[in-house]
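Chemist: Below are the chains, spelled out letter by letter.
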Amino acid sequence: MPEIFELDFMIRAFGAGLLVAVIVPLIGVFLVVRRYSLMADTLAHVSLVGVAVGLLTKTHPVASAVIASTIAAVLIERLRGVKKIFAESILALFLSGSLAIAIVIISLARGLNANLLSYLFGSLSAIDTGDLYLLGALFVSVVAAVTLLYKEFFLVSFDEELAEASGVRARTLNLIMVILAAVTVSVSMRIVGVLLIGALMVIPVISARQFDRSFLQTMFLSVGFSITSVISGLFLSYYYDLASGGTIVLVSLVMFFISIVANRR
Amino acid sequence: MQMTRTHAIEVNDVCFGHDGNPILEHITFSVDEGEYLGVIGPNGGGKTTLFRIILGLLKPDSGTVLLYGQPISQFKERYLIGYVPQRVALSDMYFPATVEEVVKSGRTPRMGLFKRYKAKDKEAVENAMEMSGVSVLKDRLIGNLSGGERQRVFIARALAGEPRLLILDEPEVGVDLNAQEQFYSFVERLNSKLGMTVLLISHDIDVVAHQSKTVLCLNRKLVCHGPPKQYINEEYMQKLYGKQVRFVLHGH
Numbered sequence: 147m148p149e150i151f152e153l154d155f156m157i158r159a160f161g162a163g164l165l166v167a168v169i170v171p172l173i174g175v176f177l178v179v180r181r182y183s184l185m186a187d188t189l190a191h192v193s194l195v196g197v198a199v200g201l202l203t204k205t206h207p208v209a210s211a212v213i214a215s216t217i218a219a220v221l222i223e224r225l226r227g228v229k230k231i232f233a234e235s236i237l238a239l240f241l242s243g244s245l246a247i248a249i250v251i252i253s254l255a256r257g258l259n260a261n262l263l264s265y266l267f268g269s270l271s272a273i274d275t276g277d278l279y280l281l282g283a284l285f286v287s288v289v290a291a292v293t294l295l296y297k298e299f300f301l302v303s304f305d306e307e308l309a310e311a312s313g314v315r316a317r318t319l320n321l322i323m324v325i326l327a328a329v330t331v332s333v334s335m336r337i338v339g340v341l342l343i344g345a346l347m348v349i350p351v352i353s354a355r356q357f358d359r360s361f362l363q364t365m366f367l368s369v370g371f372s373i374t375s376v377i378s379g380l381f382l383s384y385y386y387d388l389a390s391g392g393t394i395v396l397v398s399l400v401m402f403f404i405s406i407v408a409n410r411r
Numbered sequence: 340m341q342m343t344r345t346h347a348i349e350v351n352d353v354c355f356g357h358d359g360n361p362i363l364e365h366i367t368f369s370v371d372e373g374e375y376l377g378v379i380g381p382n383g384g385g386k387t388t389l390f391r392i393i394l395g396l397l398k399p400d401s402g403t404v405l406l407y408g409q410p411i412s413q414f415k416e417r418y419l420i421g422y423v424p425q426r427v428a429l430s431d432m433y434f435p436a437t438v439e440e441v442v443k444s445g446r447t448p449r450m451g452l453f454k455r456y457k458a459k460d461k462e463a464v465e466n467a468m469e470m471s472g473v474s475v476l477k478d479r480l481i482g483n484l485s486g487g488e489r490q491r492v493f494i495a496r497a498l499a500g501e502p503r504l505l506i507l508d509e510p511e512v513g514v515d516l517n518a519q520e521q522f523y524s525f526v527e528r529l530n531s532k533l534g535m536t537v538l539l540i541s542h543d544i545d546v547v548a549h550q551s552k553t554v555l556c557l558n559r560k561l562v563c564h565g566p567p568k569q570y571i572n573e574e575y576m577q578k579l580y581g582k583q584v585r586f587v588l589h590g591h
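Protein chains in written order, with the working numbering: chain U, 147 to 411; chain P, 340 to 591.
These aren't lab readings, by the way, just hints derived from the structure by calculation. Check the hints yourself; a few may be wrong.
Claimed, not checked - Pair ranges (Cβ atoms, derived): (1) P:485 to U:227: 33 to 43 Å; (2) P:356 to U:234: 22 to 32 Å; (3) P:452 to U:234: 29 to 39 Å.
Ideal Cβ placement from N, Cα and C applies to all residues, glycine included.
Please build the complete structure, drawing on both the sequences and the hints.
Modeler: The following block contains the structure:
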C-alpha cells in the first residue's frame with residue numbers, strides 16, 4: 147500500500163473529498179443552468195461570516211457558517227422576486243457585503259489567523275471524524291433530494307413560469323434548492339476552502355456542458371469530472387506538497403480546457 | 340361530463356394595473372369548451388397580461404377568473420392547461436437538455452410529486468412527440484434546433500400533459516413562414532379533431548381570421564368579441580390599432 151493511505155488524515159481527506167466531489171456538482175448543475183453560477187461563491191463568502199463568528203465566539207464555525215449561508219440563501223431567493231434588482235446584483239450585494247462583515251469580525255478578534263486560513267483555503271489535516279459524519283449526512287440528503295425531486299427540479303430550472311402555471315410549487319422547490327446549496331457550500335468548505343468551493347461547484351459543470359449531452363448525462367459527467375479533480379488534486383497536493391484546495395481547482399480547470407479543446411468545432 | 344355546460348374559462352370584470360397605469364380595464368368574456376379563441380390587439384394592449392392572469396401567474400386587481408367553474412387559486416387540475424409561452428422559438432437555449440427531456444418535463448405536473456415515470460407517461464410523451472412531429476429530433480439538444488423545430492418541441496411539451504385547454508402566446512415569433520403555416524394547421528386539427536380548447540395570442544390577424552372560431556380584440560379594454568367574420572374588418576381594426584393602420588386581409 148502506498149504510504150499516502152497509511153496516514154489517517156489522508157484517508158479521511160479522501161473520504162471527505164469523495165463525498166464532496168459527488169454532491170457539489172449535483173447542486174452546481176442546477177445553479178449553472180439557471181445562470182446562477184455566482185450563487186455558490188456568494189454563499190461561500192456568507193459562510194465566511196459564519197466561520198468568523200464561530201471562531202470569535204469559540205463555538206462551531208461550520209455550524210454558524212451553515213446558519214449564515216442558509217439565512218442568506220433564503221433572503222436571496224426572496225429578493226429575486228423584487229423586480230427592481232437584477233438577480234446578479236443581488237448576488238454581488240451579498241458577496242461583497244458579507245465579505246465586509248467577515249473582515250470586520252475578523253479584525254475584532256486577533257490571533258485567529260491560522261485557524262481562519264484553514265477555512266479560507268481548506269485544510270485536510272483539520273478534517274476530523276465529526277466532519278465526516280456531517281458530510282455523510284449531507285451526502286444522503288443531497289442525493290435523496292436530487293433523486294426524489296429530479297423531475298421537479300428540472301422543470302423549475304428549465305421553465306419556472308410553466309412550472310408555476312401548471313401547479314408545481316416552484317417557490318418551495320427553489321427554496322429547497324438554494325438551502326441545499328447553502329448547506330453544501332458551508333459543510334464542504336473544509337476540503338477546498340471558502341475561496342474555492344464556488345469553483346468546484348461550477349467548473350466541472352461547465353466542462354461537462356461542452357460535450358453537448360442531455361441534462362442527465364451532463365449531470366453525471368460533471369460528477370465524474372469533479373471526482374477526478376478531487377482525487378488527482380489530493381494526490382498531487384500530497385506528493386508535491388501543494389495547497390490541496392488550489393490544486394483540486396487547478397486540476398478541474400485543466401479538465402475544463404481539455405473539454406473545450408476536445409469539443410471544438 | 341355533465342350536460343350542463345361549464346365554460347372552460349370565465350373572466351369576470353377583470354382589472355389590472357401596474358404602477359398606477361391601467362393595463363386591463365373591466366374585461367369580461369368566457370370561453371366554451373372546444374372553442375378556438377384568437378386574441379389580437381396592439382403591443383402593450385394587455386394580451387399577455389390577460390393570459391398570465393388566466394394562468395394564475397398574475398393576480399388581477401379586481402374581478403375573477405374561473406377555470407372549469409373554479410377560481411384559479413382553488414383549481415387543482417392545473418395540468419389540464421397546456422401552455423406555450425411567448426418567444427420560445429427565440430429564447431436563448433444554453434440549457435443542456437434533449438428534446439425528449441423537455442417534452443417529458445411537460446408530463447411532470449400531471450404525474451405529481453415523487454411519482455415515477457410509468458408506461459402510461461412514456462406513452463403520452465411519445466404520442467405528444469409523434470403528433471408534433473419531433474420524434475426524429477428526440478435526442479437532439481434543444482439549443483441546436485431551428486425556431487420552427489423548437490416551437491414544435493414546446494407544443495409537444497404542452498401536449499405531453501394531455502391538456503384540455505391549450506394556451507399559446509405568439510407562437511409564430513421567430514419561425515419562418517412555411518413552418519408557421521404547418522404549425523397553425525396542426526393547432527387547428529388539435530381543436531377540430533381532438534376537441535381541445537385553444538386560446539391563441541397572435542400578431543398575425545390573418546391566422547386568427549382564418550383559424551379561430553372566435554376573435555377577441557384587446558386594447559386595454561375589450562374592443563370586440565365574436566366571430567372573426569363579423570369583427571375582422573376595416574372598421575374594427577382601425578378601432579383596435581388606430582387610424583393610421585391600413586388593413587389588408589389576405590384570402591386563402
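Chemist: When you take the CB atoms of residue 452 of chain P and residue 234 of chain U, is the distance between them in 29 to 39 Å?
Modeler: Holds - the Cβ-Cβ distance for residue 452 of chain P and residue 234 of chain U, about 31 Å, lies within 29 to 39 Å.
Chemist: 33 to 43 Å was suggested as the range; check whether the CB atoms of residue 485 of chain P and residue 227 of chain U agree with it.
Modeler: 34 Å, holds
Chemist: Would you say the C-beta atoms of residue 356 of chain P and residue 234 of chain U sit inside 22 to 32 Å of each other?
Modeler: 29 Å, holds
The structure meets every hint from the earlier list without exception.
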